[in-house]
Every structure is written in C-alpha cells, then in structure tokens.
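Q: For the protein sequence lines, the chains are A and B, in the order given.
In terms of my numbering, the first sequence is residues 106 to 381.
In terms of my numbering, the second sequence is residues 7 to 392.
Calculated from the structure, these hints are not laboratory results.
Certain hints may be false.
[Stated by the list, open to error] One side of the interface only, derived from the structure: several residues of chain A facing chain B at Cβ under 10 Å:
| no. | residue |
| --- | --- |
| 1 | P299 |
| 2 | L300 |
| 3 | L302 |
We put the beta carbon where it would ideally sit given N, CA and C, even for glycine.
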Amino acid sequence: MRAYAIAIYLFLYAPIALIVLFSFNSGLSASDFRGFSIAWYGKVAGNRFVLEAVTHSLIVAAASATLATLFGTMAALALQRVTGWLRAVFDGLTYVAIMVPGIVIGIATLIALVTAFDIVNDLLLAIWPADDPGAVPQLALGYGSIIAAHTLFSLALVIVLVRARIAGMDRSLVEAATDLYATPWGTFRQVTLPLILPAVVAGFLLSFTFSFDDFVIAFFVAGSKTTLPIYVFASIRRGVTPEINAIGTVVLLVSLLLLFSAQILLRRGAKPTRAT
Amino acid sequence: MAAAMTQQAPEPRAEAAGIDVRFRGVSKRFGAVAAVDDVSFEIPRGSFHSFLGPSGCGKTTSLRLIAGFEQPSEGEVEIAGVPMVGVPAYRRPVNMVFQHYALFPHLDVFANIAFGLKQLRPRPSAAEIGRRVGEALELVRLPGMGSRRAWELSGGQQQRVALARALINRPTVLLLDEPLAALDRKLRRDMQMELQNLQREVGITFVLVTHDQEEALSMSDTIGIMRDGRIEQFGSPSELYDAPVNRYVADFVGESNFFAGAVAAADADGATIRTAQGLEIAAPYSPRGRKLAVGSAGVIAVRPEIVALWDPAESGQALADYRFRGRVRNRIYLGDQTEFSVAVPELGEILVRAPKGSAAGAAGFAAGTEIALGWRRERALALADG
Ligand SMILES: Nc1ncnc2c1ncn2[C@@H]1O[C@H](COP(=O)(O)OP(=O)(O)OP(=O)(O)O)[C@@H](O)[C@H]1O
Ligand SMILES: [Mg+2]
Numbered sequence: 106m107r108a109y110a111i112a113i114y115l116f117l118y119a120p121i122a123l124i125v126l127f128s129f130n131s132g133l134s135a136s137d138f139r140g141f142s143i144a145w146y147g148k149v150a151g152n153r154f155v156l157e158a159v160t161h162s163l164i165v166a167a168a169s170a171t172l173a174t175l176f177g178t179m180a181a182l183a184l185q186r187v188t189g190w191l192r193a194v195f196d197g198l199t200y201v202a203i204m205v206p207g208i209v210i211g212i213a214t215l216i217a218l219v220t221a222f223d224i225v226n227d228l229l230l231a232i233w234p235a236d237d238p239g240a241v242p243q244l245a246l247g248y249g250s251i252i253a254a255h256t257l258f259s260l261a262l263v264i265v266l267v268r269a270r271i272a273g274m275d276r277s278l279v280e281a282a283t284d285l286y287a288t289p290w291g292t293f294r295q296v297t298l299p300l301i302l303p304a305v306v307a308g309f310l311l312s313f314t315f316s317f318d319d320f321v322i323a324f325f326v327a328g329s330k331t332t333l334p335i336y337v338f339a340s341i342r343r344g345v346t347p348e349i350n351a352i353g354t355v356v357l358l359v360s361l362l363l364l365f366s367a368q369i370l371l372r373r374g375a376k377p378t379r380a381t
Numbered sequence: 007m008a009a010a011m012t013q014q015a016p017e018p019r020a021e022a023a024g025i026d027v028r029f030r031g032v033s034k035r036f037g038a039v040a041a042v043d044d045v046s047f048e049i050p051r052g053s054f055h056s057f058l059g060p061s062g063c064g065k066t067t068s069l070r071l072i073a074g075f076e077q078p079s080e081g082e083v084e085i086a087g088v089p090m091v092g093v094p095a096y097r098r099p100v101n102m103v104f105q106h107y108a109l110f111p112h113l114d115v116f117a118n119i120a121f122g123l124k125q126l127r128p129r130p131s132a133a134e135i136g137r138r139v140g141e142a143l144e145l146v147r148l149p150g151m152g153s154r155r156a157w158e159l160s161g162g163q164q165q166r167v168a169l170a171r172a173l174i175n176r177p178t179v180l181l182l183d184e185p186l187a188a189l190d191r192k193l194r195r196d197m198q199m200e201l202q203n204l205q206r207e208v209g210i211t212f213v214l215v216t217h218d219q220e221e222a223l224s225m226s227d228t229i230g231i232m233r234d235g236r237i238e239q240f241g242s243p244s245e246l247y248d249a250p251v252n253r254y255v256a257d258f259v260g261e262s263n264f265f266a267g268a269v270a271a272a273d274a275d276g277a278t279i280r281t282a283q284g285l286e287i288a289a290p291y292s293p294r295g296r297k298l299a300v301g302s303a304g305v306i307a308v309r310p311e312i313v314a315l316w317d318p319a320e321s322g323q324a325l326a327d328y329r330f331r332g333r334v335r336n337r338i339y340l341g342d343q344t345e346f347s348v349a350v351p352e353l354g355e356i357l358v359r360a361p362k363g364s365a366a367g368a369a370g371f372a373a374g375t376e377i378a379l380g381w382r383r384e385r386a387l388a389l390a391d392g
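Chain B on its own, in the form it takes in the complex:
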C-alpha cells in the first residue's frame, strides 16, 4: 500500500480523491523547539494510520496540526484534498478523541454525544438527534446510558462515550491521541480489537497516536515512526518490521539483537561489521535501508525468531552461517513460543524466540544448559547505526 501511495499520478484531483490527510513539508516550531520538523506524508482514505514514537517526538503536535489547534510554521496541511490554511478547527471535517477524553462534566452522556450535531446549521430536529445518539451509543455498546453523568462512568465507558461523541459527526478523519493509555491491560486489548472493528465498520480514516508499538503494529494499515519531530519511516507494519531504514526503526518495531561496530567491508548488496570485540559479521542491507560506506557506524540486526538453538554435540551447519556457544540464562514459556535469553561470550546477551513446533521449542533447553546458537547470514540485516 505504501508503495502505491508514493507513486501517485501527478494530476491533483485524481490524487486528492484517495488521500484523506496530506502533509507537505510541514514544520511547527515553539520558540526554538521544532516539535514537527519538515514532515511530508499521505494517509489514504479509509485506512488506519498510527504515529509511533517516544515521548516528546511530536506525535500530539502532528495530530493537533490536523485538528487545527495549531497552525504550521511552514508547509501545508490538506484534508481530503482541501488545503487547510486559515480554516479554523471548528470548520474542519475531523474529530478528535482526547487523551483524557475531555468529556463535558456539566452535560450528561446524551448531551455530550449530541454536542457536535447541535452545532450544525440548520440544526437537526430533536428526533433526528435522539435517533443518531441512540445509534452511536449502540455502536460503542453503551445502549441506555444516555442519562448518566460523564464522571459517573468507568474509564473504559468514558472512552466509548468520547468515541461516540466524535464518530456521530461522521468526520472525514478521526484523530485519536493515545486513547487507550489510561486503560488497564486487559481492557486495552479489548478496546484495540473494538477500535479496529469499528474502523472497518464505519470506513472512516483513523489517525492514532501511541507510544505502544504493539498497539500500533496490531491495529494499523500504515505507521509513521517519529523521532525528534521527523518521520523516520512511513510504511505498513510488515514493511517496518522486515525492512527498517535504520537501527532506530528496527529497535522501535519489534525486538532485535544488535551488533554494532564499524563497517569493515561493503558492496552493493550488503556489509560486514567489525564489532568492538573484533568479530566480523556480514548481512544484506535492509530492503529500505541505505547502503553503508566503509568506516561508517553500522549495526547488524538479528531478530530473535531467526536465531536457531541446537545441542552443541551437533554441528548445526545446516541451521546457521554464524555459530556460537552459550549458556541458557533464562527460559520463558509463552504458549505458542518459547523465549530464551542466552549468554554468549563473544556477543553478550542474545534473545531467542523458538516457535512451539521447532526443535528448540520442543527440546526446551532449561536454564543453565550449554547450547549452540546461530543464524543465517541472509536473514539478518545490515543497518545504519542511527
């Protein structure tokens, strides 16, 4: 999908039809701080997009630029093909679910949800408003709760009211700022599923902000990984996982073992890194990464699931190009897979994940066991260390 997005035809109208949010060189500065720094991206209609990044990287600011609470210092924001320069927040076809819900404490649930409809001119009839609020409550599974006060509800219920209050207006884009952060783990899981189902049901473009990578990976069609106000990489979850542009993205999306050092050799397809211990490890470039120059800082990323474990009595030649000996420090049974932490003298602590059906998963090497481990050269990635 991301590939299709970046290769749009140049006719603006045809292009606009498929893109709900577009940033063109957008920057937002607060004094000396660039909260958002020269960002460009396109979010296709009807998709579920997430901004993912650590605290202070500019996620909320990006959302507020779309909502119209902030005006860009530079660049252009477009919603559904319409430039938003000078369009105030109350005229934008977007609605937001606030981090702490921001439900109106002086209004009951019904009036909270009806708030947006009541601002429309001409104002819908009372019967129409009542019907649509009923539908919205149904949609978020809170039927009959209209007369409650917002602060009488549980966190999860407040969150649903906030969702209903936004969705009832059928916005072009729904913005969600860490909507699940305040919920406990179990409820968060449920709401993730519900949000995803809801998005498919209503077909509205969702833009979510989160610093929880699991949340972003499980729900999104596309993700923008942010760092210091810039978008480091924009792509589908699998693209980010399989083809990170650099160590930062590989580290943020999923888990990885990293072996950092200087690039000792490089060609068009891959690079060899010499670690501080003098070990030389080679791997192909990430499909989205850039080529590395000899002498620059590089890193080999080895995902835990590509590491094989075997009994040191066997050779393991068929399993791995790079082979090491180590001792199991820790074994965590995760149901469908088993996670090992292995101490390897040359490499340090290595994280390994073996699926249930695999040899290691079945053998279940206990903590303290001497084992051998390794990986295939072509399954690791050589990345820029940044």
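Isolated chain A, as found in the complex:
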C-alpha cells in the first residue's frame, strides 16, 4: 500500500521536480544536469517573445478575472433572492458551466464567435461608407475573444464561491444593519461586502490563476494573440530547453502563491461566523 502511494506521488511530482531542477541546469540539455546556474532565467527575462506572451497572458488574466469577479459577485447577490425552480435551474447551469471540459468551451466559443463575426463583418462591409474594403473595420479573434471565453468560465467559479459565502452568512446581520438606520446601499457597503470580501478576492485569484494557466480554451480563440501557455506549447515542438523549464518554474511558483492565498482567504473568511 505504501509502495503504491510512493509510486503514485513519484509519478505525479517527479516530472515537476525535474522541471524545477533542470531550470537551474548550467548545461544546454534538458536531461543532462551539468551544474547549478540561473542563466536560463536571465535568458527568459531577455526573450522578447516570452515577455510579449507574458504581457498578453497578464492582460487577459487581469481583465477576465476582474470581469468575472464583478459580474459573478453581482449574480451571486441577485441569485440569493431567487427561489424555487428558477433557482434550481440557475444553480444547475452554474455547476454545469464549471464541469464542461475546456475543449468544449473552446470549440463552442470559437464557433459562436466566428459565426457572429462573419455576420457582423459582412454587415459592416455592406453598410460602411468607405469605398476601399481595406478601410472597413472588421472583428477578429484576439484579446476580446480570449477574455470573453475566460470570463465565461471564471464567472461560474466566482458565483459558486460567493454563493457559498452568502449562504453561510447570518441573514439577521443584514437586518441588524437595516435596523441600525443603514440604507440598503449602506448595508451593502458596511456589512454585506466586508463579509463576502474574502470569497470575492479568492474568486478573483482563482480566476486569475485559471486564465493565466489555461491552454485549451486560449488555443482555440486566441487568434494571433500568443499567451504564455501557447508560446510554451509552440516552443516545445522545437525541443524542450532549460528555458522552457525556467518559464514552467516561474508559472508554477506564481500559481501556487495565488492558489495558496485564495485558500487562506476562504478559510479565514469562514471563521468569525462559525465562532458565534
């Protein structure tokens, strides 16, 4: 039994450990360790294409996480007032949205967007007053489409997290604030928001991490905008280099940090209400 467990953990974590290890390899090969060096990190930092991909990824992650957090929180607050079968339907849709495989979201979003773009672009061509067809603005895949697709997925994530937090909140706290002369907006600002904030921030962090790491959905809808995972995938086809390992290590570190923060927030957020 113990041997199995060790074997499984080895299988899971050994490759990751190797990536981290070889990112510090002074040699060129990604399989033959020659000595310790941080040269590859310097090389990564100097690579224009990597930096561009990182910038794209950060913009997409920040934008989609912000949108998802904003709309997800609003939806969670609104859903709290919905009851009966309507609520069951919304709950079902939310969970389904989380469980749908990335590849399905990717293909579905791609088809939907391309179809919509075709229609809109034809329309634009037809009605635009300019004579030169090259001057007519056309919709295309890019930031907008990746951000939209990521927001779609993260939205459900945020809704579930914030809903759980609201459900754990004592209803009478809102009434107490109202009773103490707070207007509906005052109650939201001074009581509801501070109480759900840990879940909101955790939702943002998880959404950010998801978007930053996502390859599958981005691959379908990115168009010409190369995000970091897409860049890594493309470079691997030319062979795994310690440079890729260095990128992997950095991404791993950032992701772990964000997930860990989210976990702490969710835990700490749950404490005070339980203690009463």
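Take the given structure of chain A and dock chain B with the ligands to it, following the hints.
A: What follows is chain B with the ligands alone, placed relative to chain A:
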C-alpha cells in the same frame, strides 16, 4: 394601567402622546398561514411590555412588524402616533436586540456599538461617537471592552453589546426577541434584573418577546398572551393571574389545577361544572372572563396557593367549602413555601402550595401521609375551557 389604556379619549393627538406602539387590526399572512391575525393593542410610553406565547404563535412576527422587517397584510402599525405605512426599517425610531444578537463579526465591539450613530446625517463627530460609546459600555457594564472582537465575548457579554448597540441610538421603542433564551439560568436571572433596571433608567419603551412565563411576569408592566396569531389577553401580570379570560391564559400564566366538564348550572355571578366523574364544583366567573352557557365546556381553575391542607382528624369546615381526602405523593421544600402533590381519588393529582408560616407549611405533611384538602368556593374561578 390596562384599564386606563382602553378608555382613551378619542382626540388622536392627545391620545398619541401617551402611546408608543399601536396595532389597529393588524394581520400578517405568509401564504395560507396567518402569523398575526387581526391584532389590536396599545403599549403606553415608557412601559415594559412582553409578548408571551408558545412557539409559532406569532411573537417574532409581531416584533418584526414593529421593526419594519415585515409589512402588515392588513391593518395599521403606529409608532409614537405616526403611521408606519411605507416607512422602511431604517427610518423607524426603533431598535432591536436580535435573538442571536447578530453582532457584526467583522467589527470590534466599539464599531458594533457605534454603527447606528455613524449612519446619522449629519454624522456626529468622532469625539462625540467615542464619548457615547463609552457611556453605552458603561451602561451595560462592559467598560474598556471596545477593542474586543464580538466573537471573543461570552454569551452574556455579547448580549450586553447587542443591548448597548441598540440603546445608544435612544430609540423610541426597544425590541427584544427572546434576548435571554441562550443564556444559562443564573445569568438569565441577573440579566432579567438588569434589563428591568435599565428600562427604568433610560425610560425607553421595551417590547420583549418570550415564551418563558416567569420572565414575562417578573419584568413586565403589561403582557400580551398570544395564541395562533391572536392576542388572547392583554393586561398587567396581576390581572392575567387573577382574572384570566379563559383556561389557556390561566394555564399559561402561573400554575393551576383544572377540573373540566360541562356547565351544569350558571347565573350572572358564576357557574357549576359537572366533571366526568359526576362531581359538581361551583365557582364565580373570572373578572375578565365571559359568562358561561349551560351545557358548554367549562373549567374550574384552582390555583395551588388557595388549596388548604389539614389533618383529616379535623373537620376543616372553616378552611374550605370543597373538601376531599388524599395522600401526599410528593413534598418539595422551596424555602419560603412548600409544594405538595396530593393524589385525590375524585380529582386526580392536585398541586398545593403552602407558605412557610401556614399550618400545612409548618406541619410539613410528609410523603405518604393521609391528609384532607380543600378550597373556598369564591377563590376558585369558573372559565371557558379554551
Ligand atoms: N417568513 C415567513 N415565511 C413563512 N412563514 C412564516 C414566516 N415567518 C413566520 N412564519 C410562520 O408564522 C408563524 C409565526 O411565526 P413566528 O416566528 O412569529 O413565531 P414565534 O411566536 O416567534 O415562535 P418561536 O417562539 O418559535 O420563535 C409560524 O407558523 C411560522 O411558520
Ligand atoms: Mg420567535
């Protein structure tokens, strides 16, 4: 006091001056359930009022109608003479102490108590808020506790914070929903006394909800006994005890021996009940009860303290009109009085309470003793059995 209340002069302004809460034909329905059903009452300014009744009778709903968390389906709620139709909870001059306190977990004690003041426009200065929070903490005897977190406090301390948080706003009416239910017995006693003292000190009208009759009786100026969304009787504790309108109230307020049956005879002053065993017992009507019709269901209520005990060798003629023999089943010494449970063949189990100085209290008939017991006809009450 209750009599004065119900005989108000009809000029609305003069009347309004003395009444802090008024319900006029108020009903609140949740679907098919009438949580509050056509209720009317008046609570005079500066008094301590309680709603008493079993679980689900509509006590909390009545309180929530005053607070503004619920709107009446029918009827009118007035606070200090002002109709509350369309007035949201945050504009009503009332504050509530919630059953589980509902202290804000993300704020410390100071910020919890200052919450109401901070909503005022213009907002009081920080110094003013600090001073008043200090006073409020003093009032509930928690000086220097301002920086604690709500969930670091004991149940009793949380309760005081909840009180301070409400009282600091000097509301017209303070609403309390079973504020002591979560406390242990000893602490509950202390808090009952404190609440009562506090109410006298601040002079604010208190409206308390409880299902603990002892609590209601010991603290209130007036009590509304509730049942299935209706107010069965509204009056002072002594009025409810001495002049219940029916068996339900007599049963809820204090303890009683009841002998139920059909009304065999009735006149303007009292009625005779024939029990299932064929026993005929007469008593005068309760001063607030209604007259009984012959053949209807009635009950004779005999409070434990009006039952006399004596040695069966004596006649007891001077002590009681109705006299029975029985055997002491149980004797509980309560300090200032002694409680007996006596098995009487014709009546069943009879509860008797004898004060310390009385013959029975002194003789202290032990369990198993054959004794005689009885009561005077005019001290019992004939009530409707409902
Ligand atoms: N929001 C609501 N929706 C539906 N029914 C309700 C609602 N609030 C109260 N009720 C019903 O109204 C009735 C009275 O409820 P209420 O809470 O006023 O009782 P209560 O006297 O305070 O009881 P307890 O001593 O158990 O607190 C109950 O039958 C309850 O189920
Ligand atoms: Mg209640």
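Q: Hints first: check each against the structure and report whether it holds.
A: Hint-by-hint comparison with the structure:
Look at P299 (chain A): its Cβ gets to within about 5 Å of chain B, closer than 10 Å, so that hint holds up. Interface hint status for L300 (chain A): upheld, as the beta-carbon distance to the closest one in chain B is roughly 6 Å, under 10 Å. Taken as an interface hint, L302 (chain A) checks out: its beta carbon lies about 9 Å from the nearest beta carbon of chain B, inside 10 Å.
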